[in-house]
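One letter stands for each residue in the lines below.
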Amino acid sequence: MIKKNFFKIGDQILKSRLIIGTGKYKNFKETAAAVKASGASMVTVAVRRVNILDKKKPLLTDYLSPKLIKYLPNTAGCFNAEDSLRTLRLAREMGGWKMVKLEVLGDKKNLYPNMIETLKATKVLVKEGFKVLVYCSDDPLLAKELEHLGASAVMPLASPIGSGQGIQNKINLSIIIKNSKVPIIVDAGIGTASDATIAMELGCDGVLVNSAIAKAQNPVLMAESFKSAVISGRKSFIAGRMQKLSYADASSPLKGLI
Amino acid sequence: MAKIQLNGRKLELNKKHSIAEILKKYKLDRKKIAVELNGKIVNRNKYKIIYIKNKDKIEIVHFIGGG
Chain X
1 MIKKNFFKIG DQILKSRLII GTGKYKNFKE TAAAVKASGA SMVTVAVRRV NILDKKKPLL
61 TDYLSPKLIK YLPNTAGCFN AEDSLRTLRL AREMGGWKMV KLEVLGDKKN LYPNMIETLK
121 ATKVLVKEGF KVLVYCSDDP LLAKELEHLG ASAVMPLASP IGSGQGIQNK INLSIIIKNS
181 KVPIIVDAGI GTASDATIAM ELGCDGVLVN SAIAKAQNPV LMAESFKSAV ISGRKSFIAG
241 RMQKLSYADA SSPLKGLI
Chain S
1001 MAKIQLNGRK LELNKKHSIA EILKKYKLDR KKIAVELNGK IVNRNKYKII YIKNKDKIEI
1061 VHFIGGG
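Protein sequences, first through last, are from chains X and S.
Mind the numbering: the first sequence is residues 1 to 258 in the numbering used here, read in order.
Mind the numbering: the second sequence is residues 1001 to 1067 in the numbering used here, read in order.
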């Protein structure tokens, strides 16, 4: 667990503990406005075929310059180690990206991570010099194994991708956080700003959010809300919450009562 | 004439094309894409010297929004 109040992944220091996804927005203009409002210094992006028939199609890079904001290429849509390796090697060729998000899915309905393939791919990527941020299940033993394999950050899910169900297993997350020497970033399932605060209060180092912002009624305002929520949760964690009591403890002194 | 596959689409090229020429033809900025030729990544410095052959499979990818 990293207690210092800066967010360091591998050798990179990020200004914001909020990482946001760039999928599901109405258009690139909205994506760019939300990214700006969120204060995020890193965004996830997907690697896909160029549409060769539509030469005028707008490009993400025209709205979000990789020179101004850090791109974190992902492997969304990959269901085995081999496909995810292929995707990330292409991403690296595109602009030298070494920091990547590995996400190997195992189940189309729940998008639950396939941890067997994830472990396999992590090993290869680390060997090839990638800095790997790994989407994973909230199993404390597997999270530790990813750290042993050389993952730069471990990213357990809060609940299924895009479900907005919030944090479903605080106990597992807490165990993972306490045991880890690398940053823990809650990825997937965050539904609203308070979920991010809870994650940060548990002691997470960061939060990765996409749908909760992109699918909000007002994505730009929600992005701003997440910015405050993450900062607030982090401060609350560092401040240290009061102890819970099983009885009342009056806030006003009894002395001098008339 | 070469029959190739570009991003899953079958195409016929009536003259010899380098990868750089393919990129130019489809107005693609080489700084924003990556190219895979028959399953192998093509080093961006070699786009001009690698020519497309019959039955080649080319994939050109870029970044899009994703979570």
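Since the hints were derived computationally from the structure, they do not count as laboratory data.
Ideal Cβ placement from N, Cα and C applies to all residues, glycine included.
Treat the hints with care, since some could be wrong.
Facing chain S, from chain X, some residues (calculated, C-beta under 10 Å) [said to hold, decoys possible]:
| # | residue |
| --- | --- |
| 1 | L59 |
| 2 | D187 |
| 3 | I238 |
| 4 | M242 |
| 5 | D249 |
Here are the computed distance ranges between Cβ atoms for each label pair [what the hints assert, rightly or not]:
| # | chain 1 | residue 1 | chain 2 | residue 2 | range |
| --- | --- | --- | --- | --- | --- |
| 6 | S | D1029 | X | K178 | 35 to 41 Å |
| 7 | S | K1040 | X | K178 | 42 to 48 Å |
| 8 | S | K1053 | X | K215 | 28 to 34 Å |
| 9 | X | P58 | S | G1008 | 33 to 39 Å |
| 10 | X | F79 | S | G1008 | 29 to 35 Å |
| 11 | S | L1011 | X | L59 | 21 to 27 Å |
Right, here's what the structure says about each hint:
no.	hint	in the structure
1	L59	6 Å, holds
2	D187	9 Å, holds
3	I238	28 Å, violated
4	M242	36 Å, violated
5	D249	44 Å, violated
6	S:D1029 / X:K178: 35 to 41 Å	47 Å, violated
7	S:K1040 / X:K178: 42 to 48 Å	44 Å, holds
8	S:K1053 / X:K215: 28 to 34 Å	46 Å, violated
9	X:P58 / S:G1008: 33 to 39 Å	22 Å, violated
10	X:F79 / S:G1008: 29 to 35 Å	18 Å, violated
11	S:L1011 / X:L59: 21 to 27 Å	22 Å, holds
When each numbered hint is compared with the structure, violations occur for hints 3, 4, 5, 6, 8, 9 and 10.
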